[in-house]
Amino acid sequence: MPSNRIRMKKNVGEFTIVSNSALNNTNYHICLQSDIGLPDIAPGQFTNVDIPNNKDIFLRRPFSFFDVDYEKKTVSLLVKILGRGSKSLTELKVGSKLNLVYPLGRGFTIPDKNDKVLAVGGGSGVAPILQLAKTAGSSPGQMHIAIGARSAEDHISIADYLQFAQFYFTTEDGSLGEKGFVTDHPIFHDLTQYNRIYACGPLPMMKAIAARAKEAEIFCEVSLENLMACGFGVCLCCIEPTVKGNLCVCTDGPVFNIKDLKW
Amino acid sequence: MVNLAVKIKDLELKNPVMTASGTSGFGEELADFYDVDKLGAILLKGTTLRNRDGNPYPRMAETASGMLNAVGLQNKGIDYFIENIYPRIKDYNTPLIVNVNGSTIEEYIEVTQRVNELDKIPAIELNISCPNVKEGGMLFGTSCASAETVTREVRKAYSKTLIVKLSPNVTDIAEIARAVESEGADSVSLVNTFLGMAIDAEKRIPLLSTITGGLSGPAIKPIALRMVWQVSRAVKIPVIGMGGIMNATDAIEFFLAGATAIQVGTAIFRDPFTPLQIIDGLEDYLNRHQIDDICKLVGALKY
Numbered sequence: 043m044p045s046n047r048i049r050m051k052k053n054v055g056e057f058t059i060v061s062n063s064a065l066n067n068t069n070y071h072i073c074l075q076s077d078i079g080l081p082d083i084a085p086g087q088f089t090n091v092d093i094p095n096n097k098d099i100f101l102r103r104p105f106s107f108f109d110v111d112y113e114k115k116t117v118s119l120l121v122k123i124l125g126r127g128s129k130s131l132t133e134l135k136v137g138s139k140l141n142l143v144y145p146l147g148r149g150f151t152i153p154d155k156n157d158k159v160l161a162v163g164g165g166s167g168v169a170p171i172l173q174l175a176k177t178a179g180s181s182p183g184q185m186h187i188a189i190g191a192r193s194a195e196d197h198i199s200i201a202d203y204l205q206f207a208q209f210y211f212t213t214e215d216g217s218l219g220e221k222g223f224v225t226d227h228p229i230f231h232d233l234t235q236y237n238r239i240y241a242c243g244p245l246p247m248m249k250a251i252a253a254r255a256k257e258a259e260i261f262c263e264v265s266l267e268n269l270m271a272c273g274f275g276v277c278l279c280c281i282e283p284t285v286k287g288n289l290c291v292c293t294d295g296p297v298f299n300i301k302d303l304k305w
Numbered sequence: 003m004v005n006l007a008v009k010i011k012d013l014e015l016k017n018p019v020m021t022a023s024g025t026s027g028f029g030e031e032l033a034d035f036y037d038v039d040k041l042g043a044i045l046l047k048g049t050t051l052r053n054r055d056g057n058p059y060p061r062m063a064e065t066a067s068g069m070l071n072a073v074g075l076q077n078k079g080i081d082y083f084i085e086n087i088y089p090r091i092k093d094y095n096t097p098l099i100v101n102v103n104g105s106t107i108e109e110y111i112e113v114t115q116r117v118n119e120l121d122k123i124p125a126i127e128l129n130i131s132c133p134n135v136k137e138g139g140m141l142f143g144t145s146c147a148s149a150e151t152v153t154r155e156v157r158k159a160y161s162k163t164l165i166v167k168l169s170p171n172v173t174d175i176a177e178i179a180r181a182v183e184s185e186g187a188d189s190v191s192l193v194n195t196f197l198g199m200a201i202d203a204e205k206r207i208p209l210l211s212t213i214t215g216g217l218s219g220p221a222i223k224p225i226a227l228r229m230v231w232q233v234s235r236a237v238k239i240p241v242i243g244m245g246g247i248m249n250a251t252d253a254i255e256f257f258l259a260g261a262t263a264i265q266v267g268t269a270i271f272r273d274p275f276t277p278l279q280i281i282d283g284l285e286d287y288l289n290r291h292q293i294d295d296i297c298k299l300v301g302a303l304k305y
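Here the protein sequences come in this chain order: A and B. Just so we're aligned, residue 43 is where the first sequence starts under the numbering used here, counting upward by one. Just so we're aligned, residue 3 is where the second sequence starts under the numbering used here, counting upward by one.
Just so you know, the hints here were simulated from the structure itself, not pulled from any lab data. Some hints here could point you the wrong way.
DSSO-like cross-link-like pairs, simulated, lysine-lysine; straight-line CA separation at most 27 Å [claimed, not checked]:
1) B:LYS40 with A:LYS51
2) A:LYS97 with B:LYS16
3) A:LYS286 with B:LYS78
4) A:LYS249 with A:LYS221
5) B:LYS205 with B:LYS16
6) A:LYS139 with A:LYS122
7) A:LYS122 with B:LYS205
8) B:LYS92 with A:LYS51
9) A:LYS114 with A:LYS135
The following block holds chain B by itself, in its conformation from the complex:
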């Protein structure tokens, strides 16, 4: 029997495989397929203070080994979540983590304060890396000063586990990671999507209504892996790795590069069972290599 349980500050996970925000709805959509209690955690769809319609259609373009999206944080706002969605999902036996968004620091704080009152939400993921909104989002995550400020203010408003989700659209992601660590982040998750673009050459038009969008999928995996490697060596807090993870082998690579846990995102669009297959695959890998604890793989790259 191998141990897959990991701890991220006070957040205890039965296994290190989470579903990434924006790729698993509120858990209910996956519960149509299987028992979501098997998941390590569910990162809920990005939530803002007020209702957001998101960006106009088209919001998606398939690209080589991946896709671009420009959803733009469509959600009904934190109050709607608390009144209508939270009561339906709160009894899942897996940690539910709210992905907190804002266009101003005040909005981040207000959403965080509301979430802080919810018993069944043991952690938040502070999203300072959404590339698809005009205000806030990634702007907070692309300079050390603004990343520090928003992390500091949210930290004051939140007593449970605080994860900060980092943008890869920066010159030095390790520097941003150190900045949020210094302001009290308990963990960093990376990477969010890469800013990208797709064009219909025949029609000479962009494929996304917003012209640019976020690139995800296996196309970004080598870059994401490199960033997890750099960040895990730069900070002491646990790193949650993501970016193009399609199977257990991909996941293992992220652990070896220094991730304590991983998130599965775009792969879910292709097959919602991917996270469960990865959990089984991790167990197989540990057995095959006679390793009794997933924690022993974290940063265990030989070089």
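Excised from the complex, chain A in its bound form:
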């Protein structure tokens, strides 16, 4: 059976936790290994994770993929403690199993070498943004990544990604980079140098970025995280009103071009 599943578009499978460590105050990095090969996983796609050992939690919890290593058959998730579900995950021991439904949703449009890109990550929204840079194989001249967090301790290390992008930081308390929200960063003063903008993070952040992109008439994709039950398009709970009607964030998204959204 497992050998067949890899040929299907989507899978449900057991992964083994190979590492689970705190990156800072709020974020954990969980690396998971599959017994079988991985299907193609695009930046912005996500997995719906069964939360073990917690009888209060009935539904799975969705997480964007942070990193994928096809050779080692590992995927990693950036888990920010938001509630009971994410808290449970960060307490799991190395060697324990996690059941994933994957890969779900539609990811970001991968920029090509000629694109000049601004990618913005807020909170754990930084995960798919970093994966996007790595997958695109971009360069610091071509891709600028702005990351916002509450304070310096909430930022994760981007050392592995310096080859792919130029980084800009903001913190609300001014402890790292510019003080304020990420959208207050001077990089937003002149967007005309970019022809693509990507954003993943809190809704107010993405809406602010979408408004600026719309004004400057620049291609812009954002990644939504509406509440969902199934993650594969059958429950119709995670709908987002769009110019094409109510669409499922889990299958039509989570990445949407802002021209389709009613923002």
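Chain A is already provided as a structure; the job is to place chain B on it using the hints.
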């Protein structure tokens, strides 16, 4: 080798495990995971005469051992289904059953008439139990008189197998089941969701845009099981049981209580493979108990 095949009037199922309407899309979403031909049948997403946007977000709230939903029959209407979806799914080698909805009797009839023309749809499930629409839906399923009327009118318009999906939000579900049986229903399926509610105490707001919604999942299983038991003793037509079935053992309990077939719903949200696991589990159970036919389990509760 054990027999898992069952018959609901003229509807022949290779096994008695169906996917519940509203939890398995149009089959295609499950086909991304596995060969849906293995399923006993697929109950398609509830369909109305015209496009419905459904209710505003948020439509879902997790609750103890279950969830509330307030989708509100979002669908593109029967014509869109016939033109765009039916051609893509009609060659699945498993019965496809349209879940028919309406806000008036005329709408139920019109949808039914269109479905009647589709060769590859051997049955309909008449949904008189949706708790998430303002007009029609559950209103038809909560009084004997209206349940009788809509069943009678739809029966006139439909020649194939007619299943009526019952609401648990009634005083006496057996009475409603007898009413639809008397008007020509070939089978009843039960239960739809229980009307429920969830509140964010800190913010003092409802968790659903519609304030109330339908409760499903293991939380409702004991009540669903009791209702299947009561209904199966009250009617002669086959009963299709559902409500919180998560595994083969749950399914067996429904057969013992009197169900001829079962539907898996909310469990699919947690794991789309659940129906297949249940089919395997039923076979194991029959082998283990040396029973050669699933039909011998129907209503076989010892008491």
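Checklist line | Hint check against the structure, violated hint numbers in rising order | finding: Numbers 2, 5 - these are the hints that the structure violates, sorted from lowest upward.
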